[in-house]
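Each residue of the sequence shown is one higher than the one before, starting from 1 at the first, in UniProt numbering.
It should be emphasised that the hints constitute simulated quantities derived from the structure, not laboratory data. A hint or two may mislead.
Listed next, with one range per pair, are the computed distances between beta-carbon atoms [unchecked claim]:
1. Ala-82 / Met-26: 35 to 41 Å
2. Cys-89 / Leu-31: 22 to 28 Å
3. Cys-41 / Thr-124: 24 to 30 Å
4. Pro-87 / Met-26: 32 to 38 Å
5. Glu-47 / Pro-105: 26 to 32 Å
For each residue, glycine too, the CB sits at the ideal point set by N, CA and C.
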Amino acid sequence: MFRVQTGHIYRDVILKHYVRLIQDVMCVEFLFMDDSSRPHCANIVDEYLQSEDITRMDWPAYSLDLNPIEHVWDMLDRRIAARQPPPTCLPELRKALLDEWCNIPQDQIDNLIFSMPKRCKACTTSAGRHNPF
């Protein structure tokens, strides 16, 4: 879909505005988890995390992503793709994304969160290989 992200955007938008804030609210033992997608592995991201003393969880290069947000992004992507007419410019896309985000039923998100124990069990049972999640 329209997912364009660079190391600079990841650092300046996500890390500086959200992760840093969450770390401040949490505790000293904050452990940051992201995956090994290209923007997350950029040198500027590593440098920023080190400069801000943010500890990153080790993440194997080819590991399953069990994060429920991946399914929410997929829901959002499908909702945008189903729009008739589809968004044709960035302002329309932004509005459509916000509208569709607000229309994702909370019970669907809750179900994803509550499915985490089953997801983790399936992952360990399959020794990290493909599983139904």
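Would you say the C-beta atoms of Glu-47 and Pro-105 sit inside 26 to 32 Å of each other?
-> For Pro-105 against Glu-47, whose Cβ atoms are near 40 Å apart, the range 26 to 32 Å is violated.
CB of Cys-89 to CB of Leu-31, is that within 22 to 28 Å?
-> Roughly 40 Å apart at Cβ, these two residues miss the hinted range, so it is violated.
Has the hinted range 24 to 30 Å been met by the Cβ atoms of Cys-41 and Thr-124?
-> Hint holds: Cβ distance 26 Å, inside 24 to 30 Å.
Given the range 32 to 38 Å, decide if the beta-carbon distance of Pro-87 to Met-26 lies inside it.
-> Roughly 36 Å apart at Cβ, these two residues keep to the hinted range, so it holds.
For the range 35 to 41 Å, tell me whether the beta carbons of Ala-82 and Met-26 fit it or not.
-> holds, 37 Å
Violated hints, in rising order: 2 and 5; the structure is consistent with all others.
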